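Novice: Spelled out, the chains give:
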Amino acid sequence: AAGVIQSPRHLIKEKRETATLKCYPIPRHDTVYWYQQGPGQDPQFLISFYEKMQSDKGSIPDRFSAQQFSDYHSELNMSSLELGDSALYFCASSPPTLQGKEGYTFGSGTRLTVV
Amino acid sequence: LAKTTQPISMDSYEGQEVNITCSHNNIATNDYITWYQQFPSQGPRFIIQGYKTKVTNEVASLFIPADRKSSTLSLPRVSLSDTAVYYCLVGSSGSARQLTFGSGTQLTVLP
Numbered sequence: 057a058a059g060v061i062q063s064p065r066h067l068i069k070e071k072r073e074t075a076t077l078k079c080y081p082i083p084r085h086d087t088v089y090w091y092q093q094g095p096g097q098d099p100q101f102l103i104s105f106y107e108k109m110q111s112d113k114g115s116i117p118d119r120f121s122a123q124q125f126s127d128y129h130s131e132l133n134m135s136s137l138e139l140g141d142s143a144l145y146f147c148a149s150s151p152p153t154l155q156g157k158e159g160y161t162f163g164s165g166t167r168l169t170v171v
Numbered sequence: 029l030a031k032t033t034q035p036i037s038m039d040s041y042e043g044q045e046v047n048i049t050c051s052h053n054n055i056a057t058n059d060y061i062t063w064y065q066q067f068p069s070q071g072p073r074f075i076i077q078g079y080k081t082k083v084t085n086e087v088a089s090l091f092i093p094a095d096r097k098s099s100t101l102s103l104p105r106v107s108l109s110d111t112a113v114y115y116c117l118v119g120s121s122g123s124a125r126q127l128t129f130g131s132g133t134q135l136t137v138l139p
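Protein chains in written order, with this note's numbering: chain A, 57 to 171; chain B, 29 to 139.
These are calculated hints, taken from the structure and not from any lab test.
Check the hints yourself; a few may be wrong.
Below, computed lysine-lysine pairings styled on BS3-like, alpha-carbon distance capped at 30 Å [said to hold, decoys possible]:
#  : chain 1 : residue 1 : chain 2 : residue 2
1  : B       : K82       : B       : K97
2  : A       : K113      : B       : K80
3  : A       : K108      : B       : K31
4  : B       : K31       : A       : K113
5  : A       : K71       : B       : K80
6  : A       : K78       : A       : K113
7  : A       : K78       : A       : K108
8  : B       : K82       : B       : K31
9  : A       : K113      : A       : K71
10 : B       : K80       : B       : K31
11 : B       : K80       : B       : K97
12 : B       : K97       : B       : K31
Sample of chain B residues at the chain A side, in silico, Cβ under 8 Å [stated by the list, open to error]:
#  : residue
13 : Y64
14 : F74
15 : Q77
16 : L127
17 : T128
18 : G130
19 : S131
The structure presented is a predicted model; accordingly, all values stated were derived computationally and were not measured.
For every residue, glycine included, the Cβ atom is placed at its ideal position computed from N, Cα and C.
Excised from the complex, chain B in its bound form:
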């Protein structure tokens, strides 16, 4: 399972765009990159998943360079309610799979 490295914490202000970068140097060919958001005492919530290039959905964008050794989660115009821990996970979509959580990034959005 690929190990991931993220910043421990980040601060931002309301209305700003936030980019959280994750390093996964030993990502395997069949691995996807998935980001989760977790609020205190709640289960992690799926944000976005990608394999290469760029993926965008209603809440975020995910940028993956050609070598796939890193990825960047982009949250546009954050609000106070986006304060949470964000996890980057790397794993395959095979039938015997698991998610291994590394140390996430505590994002704090300030007014």
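Chain A extracted, bound-state conformation:
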């Protein structure tokens, strides 16, 4: 079965550089969520998109922005990177209505290391 695809899997950037993370949701899933998980921490919700519009916003820094495109894939753009941005970044997708037997499907994540 198709899963949520994230790219790249690993990314190393220097401080003050920019990074772009991509997420390709499961076909027919219209909602995408981005999470950040620091070392030893729980996933923190950043932002979500429903039908290409931002639907919820969490603890996303102003240096970060994201969008969902017409094919439903999403990109998380991160600028002026800081050492503290080093984390696993997960993308999840969900269908229009959760029927009680399914949840969000997460990708394998992008590990960003800022040096």
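Given chain A's structure and the hints, the job is docking chain B onto it.
Specialist: The following block gives chain B in isolation, referenced to the frame of chain A:
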């Protein structure tokens, strides 16, 4: 968004049944309860979701009492590969929804 409380850690032995309880005292009427499993450096994986009473699938059972202020994830006959962090999440199934992860439970299965 309803806040959840779970034990920080639990130990079990292979072959035992493990029950992890989650408290969600301010759960809303339209909230579902969902459990996820996460292995190190991997994305959370959906285990089970329920609204009330009992739900069972191939890997787990979810027990929800009538007041819905708590829920219990039951893993039958755990194996070493079930060692992971387990998260209980509460949220609605509306169109503008998000999952808020609280502090999960680190389950360690011992041989």
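Novice: Would you pick out the hints that fail for this structure and give their numbers low to high?
Specialist: 5
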